[in-house]
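Residues per chain, in single letters:
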Amino acid sequence: MRLHEHEAARLFQQAGIPVPPFAVVRTADEAVAALERVQLPIVIKAQVLVGSRGKHGGIAVAETPEEVREKARTLLRSSVRGLRVESVMVARKVSIGRELYVGATIDPAAGAITVILGVVGGIDVEMIAHERPEALFRLTVVPPDELRGYQARGLAREAGFRGDLMVKIADVLVSLFRVFRKTDALIAEVNPLVVTADEALWAVDAVLDVDDSALFRHPELPGDSLARMEHPLERAAKQIGVSYVDLNGDIAIISSGAGLGMATMDVVGQRLRPANFLETGGGITEELMYKVTQLVLEKPGVRGLLINLYGGINPIHEGAKGVVRVLREKQVKIPVVAKALGNRQEETWATLSEAGVTVVTDITTEAAVEALCARLIGEKA
Amino acid sequence: MSILLNKNTRVLVQGITGRIGRAQTKWMLEYGTRIVAGVTPGKGGERVEGVPVFDSVLEAVRETGAEASVFFVPARGVKDTVFETLEAGIRLVVVVTEHVPVHDTMEMKAEAKKVGATLLGPTTPGILTVGEAKMGIIPGNLFPKTSGPAGVISRSGTLSYEVGGILAKAGIAPSTVVGMGADPVVLTDLPELLRFFAADPQTRLVAIVGEVGGVQEELAAEYIAREFRKPVVAYVAGRNTPEGKRMGHAGAIVQRGMGSVESKVAALEKAGVAIARTPAEIGTIAPRLLGG
Chain A
122 MRLHEHEAAR
132 LFQQAGIPVP
142 PFAVVRTADE
152 AVAALERVQL
162 PIVIKAQVLV
172 GSRGKHGGIA
182 VAETPEEVRE
192 KARTLLRSSV
202 RGLRVESVMV
212 ARKVSIGREL
222 YVGATIDPAA
232 GAITVILGVV
242 GGIDVEMIAH
252 ERPEALFRLT
262 VVPPDELRGY
272 QARGLAREAG
282 FRGDLMVKIA
292 DVLVSLFRVF
302 RKTDALIAEV
312 NPLVVTADEA
322 LWAVDAVLDV
332 DDSALFRHPE
342 LPGDSLARME
352 HPLERAAKQI
362 GVSYVDLNGD
372 IAIISSGAGL
382 GMATMDVVGQ
392 RLRPANFLET
402 GGGITEELMY
412 KVTQLVLEKP
422 GVRGLLINLY
432 GGINPIHEGA
442 KGVVRVLREK
452 QVKIPVVAKA
462 LGNRQEETWA
472 TLSEAGVTVV
482 TDITTEAAVE
492 ALCARLIGEK
502 A
Chain B
1434 MSILLNKNTR
1444 VLVQGITGRI
1454 GRAQTKWMLE
1464 YGTRIVAGVT
1474 PGKGGERVEG
1484 VPVFDSVLEA
1494 VRETGAEASV
1504 FFVPARGVKD
1514 TVFETLEAGI
1524 RLVVVVTEHV
1534 PVHDTMEMKA
1544 EAKKVGATLL
1554 GPTTPGILTV
1564 GEAKMGIIPG
1574 NLFPKTSGPA
1584 GVISRSGTLS
1594 YEVGGILAKA
1604 GIAPSTVVGM
1614 GADPVVLTDL
1624 PELLRFFAAD
1634 PQTRLVAIVG
1644 EVGGVQEELA
1654 AEYIAREFRK
1664 PVVAYVAGRN
1674 TPEGKRMGHA
1684 GAIVQRGMGS
1694 VESKVAALEK
1704 AGVAIARTPA
1714 EIGTIAPRLL
1724 GG
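For the record, the sequence lines run as chains A and B.
Letter by letter, the first sequence follows residues 122 to 502 in the working numbering.
Letter by letter, the second sequence follows residues 1434 to 1725 in the working numbering.
Hints were generated in silico from the structure; no laboratory data involved.
From the three backbone atoms N, C-alpha and C, an ideal C-beta is built for every residue, glycine too.
Check the hints yourself; a few may be wrong.
What the hints assert, rightly or not - Have a look at the derived ranges for each label pair, beta carbon to beta carbon: (1) B/G1522 / A/G137: 53 to 59 Å; (2) B/G1475 / A/E320: 57 to 63 Å; (3) B/G1475 / A/Q160: 58 to 64 Å; (4) B/A1632 / A/R219: 50 to 56 Å; (5) B/K1663 / A/R356: 31 to 37 Å; (6) A/R219 / B/T1717: 56 to 62 Å; (7) A/E450 / B/G1475: 42 to 48 Å; (8) A/G404 / B/V1548: 29 to 35 Å; (9) A/S216 / B/V1548: 22 to 28 Å; (10) A/A231 / B/A1632: 47 to 53 Å; (11) B/N1673 / A/A495: 19 to 25 Å; (12) B/N1673 / A/G281: 53 to 59 Å; (13) A/A230 / B/R1495: 23 to 29 Å.
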């Protein structure tokens, strides 16, 4: 779950990272009222969960109360990269001497945490990595080990910093690492970390992406991960307990595993266009398949459904009953092809066939796509 | 021959008294797996499918000589249970559980490395040695009765079943099928699993079933180019995955310019691996690799 900037900024601040004074507001009046706590000049930033807000009109600078009112109002009526702006963060503008990058992330190759200090900042870290790899300094920490102060100072020294500034940067790194560990984060970063002319540090942006699998032990984090999903079908799927990704085509797909779902997408994509990716995971029941079948058919313009299941941990014979219930209740007319193999496959096939589903018993997904194409051509003729 | 697991391996089932633990214990026993004990704290003294249940791993190991363990333990209990299992001396652990926090996985991986244990998962279907034994949820009836020359390593469960079946249909039975897990951090990396197959005389070819996200395929490519001498065929699932979207598995995400099918395929091809564009193509490529 990606946190809003102001949520991450609050956590960073509590951990001791210097964050310029800020407030979060939902109206232009509130923005002006916030000037009692946040001194001019200020930066007004749209609180939407996408990157590159600056480039897409999501950040404005205001130097007078009138400007604050006008710019806050404009931002609060706008959308940034397709997302409606419902709140803005009003933050004290700091004078920029120099911009750095600090971050912590999971290194999948090491199976450990990488702490990164960049001597340039303010642009995407991928871009820095691509264009100026020598500007990034990294340190790997293997949990449960912590990032120690001396290690952080070593990294800052290696990046060329000396004196007080080296110590202050190291302090930020240690604090950021603590937040990263404490919140079960996947990414924590400050970009840019601003160095002012008098060598004060300010975190003027805050990014924190936490592990959904660990949310159960974080009652202190926002509890609305579901509401943060933008796509209505993706949100509905999450509610049911499956994953759905919307794609551009018109062939609905249900699969009982992520890898199988991606492979189905690949194979369907050779001849037809997938409408979605959906995988049930290991929790198939009659009810679950009833709900997901309805869900994928909700998308307008879907003209075929391909079901690809394996009965390992999943009772596919139960799932088949759910599919069939939808087909009967909704009188579904589009072609439905199913490949379902594994434990109790014969029962599964019988249930599906009776309801007019084309059952494919071959092991390859190609065979199922072939059958679907044949049905689609049959429909046209 | 096989890797990691055979019909003599004394297997422990953790979380054996749960709904899934019970059902899977039955399937594993039916396949021929030598299950000697189960553990569920608080349920010591019970029996599941005739298998004695203990309160702790240490007890189970002392009483039955269990030497490998498969987990049907809830995600929040996995880290604790892994530490218990390793302390009791078990050195092969299969973590079937999904949604294990990544920070826990990193700690478990470090501990496994320290004590020299092989841990598979999390989010793995497990391991199946054809005709002998299985730990996890891979359905046995999808594979031939007798084993053959193909090692299979997969990030995905269901897709490993499909590939196993495709190979069998092409007349090439698998030796051992290993699910390496589908999380952003896996407990045993792909090159280490290849190393086991390198040492197995029965395995003459390896099929890798990868997917978008992470760097396992890239790590494997480096290792293969350096020292792996058996032919390898690979399929990487998830072309046309939209950037920033998790495709079901926690680790299946193209993010920050990393983890695309293109980058994995390029790395594997450079290492001399034959690339299948769909799972079914493995069935045509594998016989060619063995025949040549």
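Each hint tested on the structure:
1. A C-beta distance of roughly 43 Å is found between B/G1522 and A/G137, which places it outside the suggested range of 53 to 59 Å.
2. The hinted window of 57 to 63 Å between B/G1475 and A/E320 holds, with their beta carbons roughly 59 Å apart.
3. The hint said 58 to 64 Å for the Cβ distance between B/G1475 and A/Q160, and at roughly 59 Å that hint holds.
4. Between B/A1632 and A/R219, the C-beta spacing of about 54 Å keeps the proposed range 50 to 56 Å intact.
5. As the Cβ distance of B/K1663 to A/R356 is approximately 46 Å, the hint placing it in 31 to 37 Å is violated.
6. At about 58 Å, the beta-carbon gap between A/R219 and B/T1717 stays in the expected band of 56 to 62 Å.
7. A/E450 and B/G1475 have their C-beta atoms about 43 Å apart, which keeps the hinted 42 to 48 Å range intact.
8. Range check, A/G404 to B/V1548: Cβ separation about 33 Å, and the 29 to 35 Å hint holds.
9. For A/S216 and B/V1548, the hinted distance range of 22 to 28 Å is not satisfied, since their beta carbons lie about 53 Å from each other.
10. With their beta carbons about 25 Å apart, A/A231 and B/A1632 fall outside the hinted range of 47 to 53 Å.
11. In this structure the supplied range 19 to 25 Å holds for B/N1673 paired with A/A495, their Cβ-Cβ distance being about 24 Å.
12. For B/N1673 and A/G281, the hinted distance range of 53 to 59 Å is not satisfied, since their beta carbons lie about 43 Å from each other.
13. Hint check: A/A230 to B/R1495, Cβ distance near 38 Å, so the stated range 23 to 29 Å is violated.
Hints 1, 5, 9, 10, 12 and 13 from the list above are not met by this structure, while the remaining hints are.
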